[in-house]
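**Q** Protein chains in written order, with full-length UniProt numbering: chain C, 1 to 84; chain B, 1 to 376; chain X, 1 to 426.
Just so you know, these hints were derived from the structure itself, not from any lab. Ideal Cβ positions, reconstructed from N, Cα and C, are used throughout, including at glycine. Please note that a few of the clues may not be correct.
Keeping only pairs whose Cα atoms sit at most 27 Å apart, straight-line, the calculated DSS-like set for lysine-lysine is [claimed, not checked]:
1) B:Lys-240 to X:Lys-363
2) C:Lys-18 to X:Lys-363
3) B:Lys-376 to B:Lys-291
4) B:Lys-243 to B:Lys-227
5) X:Lys-337 to B:Lys-31
Far from chain C, some chain B residues (derived; all Cβ distances over 12 Å) [to be verified]:
6) Lys-31
7) Ile-79
8) Ala-319
9) Trp-363
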Amino acid sequence: MALSSDEIKAAMLAKAEKAPKPQLYVKDFYACDPDTKPRAIKNIANDLVKEGKLMFWSSGSTTMYALPSRIKNEETRDEAEENK
Amino acid sequence: MGYDPANPMVDRITDIGPPHFEQFFPPVVKKNYGKWLYHEITQPGVLMHKSETGDECWTVRVGAARLISIELIREMCDIADAHCDGYLRWTTRNNVEFMVDSKAKVQPLLDELASRGNKFPVGGTGAGVTNIVHTQGWVHCHTPATDASGVVKAVMDEIFDYFTSMTLPAQVRVALACCLNMCGAVHASDIAILGVHRKPPMIDHDAITGLCELPLAIASCPLGAVKPVKATNSKGEEVKSVKVNADRCMFCGNCYTMCPAMPLADPEGDGIAILVGGKVSNSRSMPKFSKLVIPFLPNTTPRWPETVAAVKNILEVYAKDARKYERVGEWAERIGWEKFFEKTGIPFTIKSVDDYRLAYDTWRTSTQFKFTSHIK
Amino acid sequence: MPKHETPLLDELEKGPWPSFVTDLKRQAETKPECWDILGQLELSFKDRITHWKHGGIVGVFGYGGGIVGRYSDSPKEFPGVAHFHTVRLNQPSSKFYGTKKLREICDLWEKYGSGMTNMHGSTGDLVLLGTTTPNLEPLFYDLTHDLNMDLGGSGSNLRTPACCLGKARCEWSCIDTQALCHHLTMHYQDEIHRPAFPYKFKFKMSGCPNDCVAAIARSDFAVIGTWRDDIRMDQDAVKGYINGDFPANGGSHAGRDWGKFNIKKEVLDLCPTNCMWMEGDELKIDNSECTRCMHCINVMPRALRPGADQGATICVGAKAPILDGAQFATMTIPFLKIDPETEFEAVIEVIEKIWDWWMEVGKNRERVGETIMRVGLPTFLKVMEVDIIPQHVREPRSNPYVFWQDEEVPGGFERDVIEFRKKHAQ
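Using the sequences and the accompanying hints, generate a full structural model.
**A** Structure representation (structure tokens):
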């Protein structure tokens, strides 16, 4: 039985919180519900971004997902360095 | 109203895609869509397409830098407004095409283009060299091993006559990619100019913890040369970091893409490799990959004389020796690569012998070869 | 912003090819940050190394692509390019423009960016080069509201599809490349704007096997126009070429005296399948032997045209060499009708079959061509549910190591070794 999308969202956020690295590939979320197709998982992950609960993280060639609280971005890092 | 930073989501429009292409067709294109019968290049840079309706579309092809300003685009718009009913297009090779619907309108357009200095060279058609497709280089990229716009400018200056004429055995597609990522996909070009690194990455132990996810950096190496280690940063603290097994490094830069604390660019290490003989078209022979013939040329700024000379030499030897219609790769295969090296005078080095994956495909497993000067 | 001395770059103002340095200097008159582009580039020419840092996390809200972050590593010297992000605009299919739209784009970029562009990026996007993070949302608002345009793809997204100019101005196009490109672009807006896959995925469409957008070399999913009936011939025009009334190859070789046109040498002998011959002054083609390479059609465009039963060959899995070596796309579906009437339903079905499989089986940062290489072409062809035919290979395998399946062998794999030993002593 596939989980509901709210259940999957909760599982994804838990995974993003606990994962050793902050950035996760979309594939890392597949395990949140093996009964849901990858494209549906992808759509749910993107919904979480729209809701502001996840954010996109990009290396330029690869895009990943992360909890906003676990990511420092370039501009805030610069400011942090200047404030040292 | 415009954007309201206090309410960024109000009236937000997303996912509308590009404007429909048809609204940008010149009338002669719109009317004859799908009705074209044949074409003819009436002079270098000028094409005439004939429709079954009897209409003709005359195109003037103009070379441009890929890096261009809005001032220059506006100037192109002025020309298109004056001559082409306000339409123009770009080709996949960064050329600009101005289209008119009668032969009588061609010369005034050519005159107008010529009146604007060297901004709008007409050419890039038929059996010549067309514009070089290329990448960003030092103008805007973080991983390049060479510049792009500068090298292209220097090369095009030198082989300019091949852009404005049609004297070669076939079209020659030159392409430049400023690192092995090959955003410019030069792997199927007649002559490919490729930025290469030659030094393994340095490890910035001070920054790696904050900048990189070590598992991503380790996994990024196709040869397993990046390993986790405990290292000491400049403050004497022990940090989790990585090391690179230099013997296994192929200088692809994939680790740097994933981890900014592993820079590998270097003024002496970086430069250009030349690959030749690729093609995309299915015409006569199947598509072919470009092959590495010169493993390294230095980044001699500002005009890369070694690279310019190498490209010109290959072009000139090819122009003299190849048969009509033969692409560079077809010529090299007909005469044999050993002859290619002999005729071009390019020294054959061990660097051209493949020792990476799928390498066996390129080794000679036959007694058929030519006795060239390479055999002492 | 101060003007910088650029003695090295000034050398690139010489010569007959248009100079991007001259262009940058002109733009710097109204957009002074262009001086810092020149200044930083001059420093790179001096140091022979880039001065750009990695991209950061920038974008417009809700999109996971279309903006690529870029920062200078020398922001104090070159404040005008300290933050200098790339904006990818999705180009109209095959890059025709009206000047009104282009001027609107220029005005937008004058307001929010550096004034410098790439016409176009390698994937096909119209690239706006250099803006700051605070400008991104206002730019996107104006772009969508006033210009009716949108961003293209980057990262692990469907990248902006691209096509040749097709039926708009080419007599050889066997498919409506622009209609297909536009339709797929609109159909997959979500996949273009938000990450969807293990890695990037590219569509390219070429109208004929000349493949002017390099679909077979550069796209994960290549649609290349072709035909399956006879090459259309005009014998009078063939005679015209033989008599020298028309220039061969559409005039491509006019710059050099190659001698009188010789149909045997220039067409018949260069045909890769030798399927053409002359009977008197009539050209004959054994079309059943033709592999549609385009050479004869290229050489005699007035006399020969692609057949009328047109469609496309679908090839899958091209990529540049990173990491295991370059791959061309592998012929997967020999002939598919490309039908705008059905909204390209058949193409979409093939695409989604690939995606559903690749999203599941593909590893992170693995292009679909690499996945196919890893699992083997037979596995991929089974997934695609296509008939497996000799056309899928250049030649049959030369090793005998076939992965037979349990159900393919009478009696299956399970056997009784004790029964075996009764007849075969150890």
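**Q** A separate judgement is required for each hint: does it hold in the structure or not?
**A** Hints, verified against the model:
no. : hint                   : in the structure
1   : B:Lys-240 to X:Lys-363 : holds, 26 Å
2   : C:Lys-18 to X:Lys-363  : holds, 22 Å
3   : B:Lys-376 to B:Lys-291 : holds, 24 Å
4   : B:Lys-243 to B:Lys-227 : holds, 5 Å
5   : X:Lys-337 to B:Lys-31  : holds, 24 Å
6   : Lys-31                 : holds, 42 Å
7   : Ile-79                 : holds, 36 Å
8   : Ala-319                : holds, 38 Å
9   : Trp-363                : holds, 32 Å
In terms of the numbered hints stated before, the structure departs from none.
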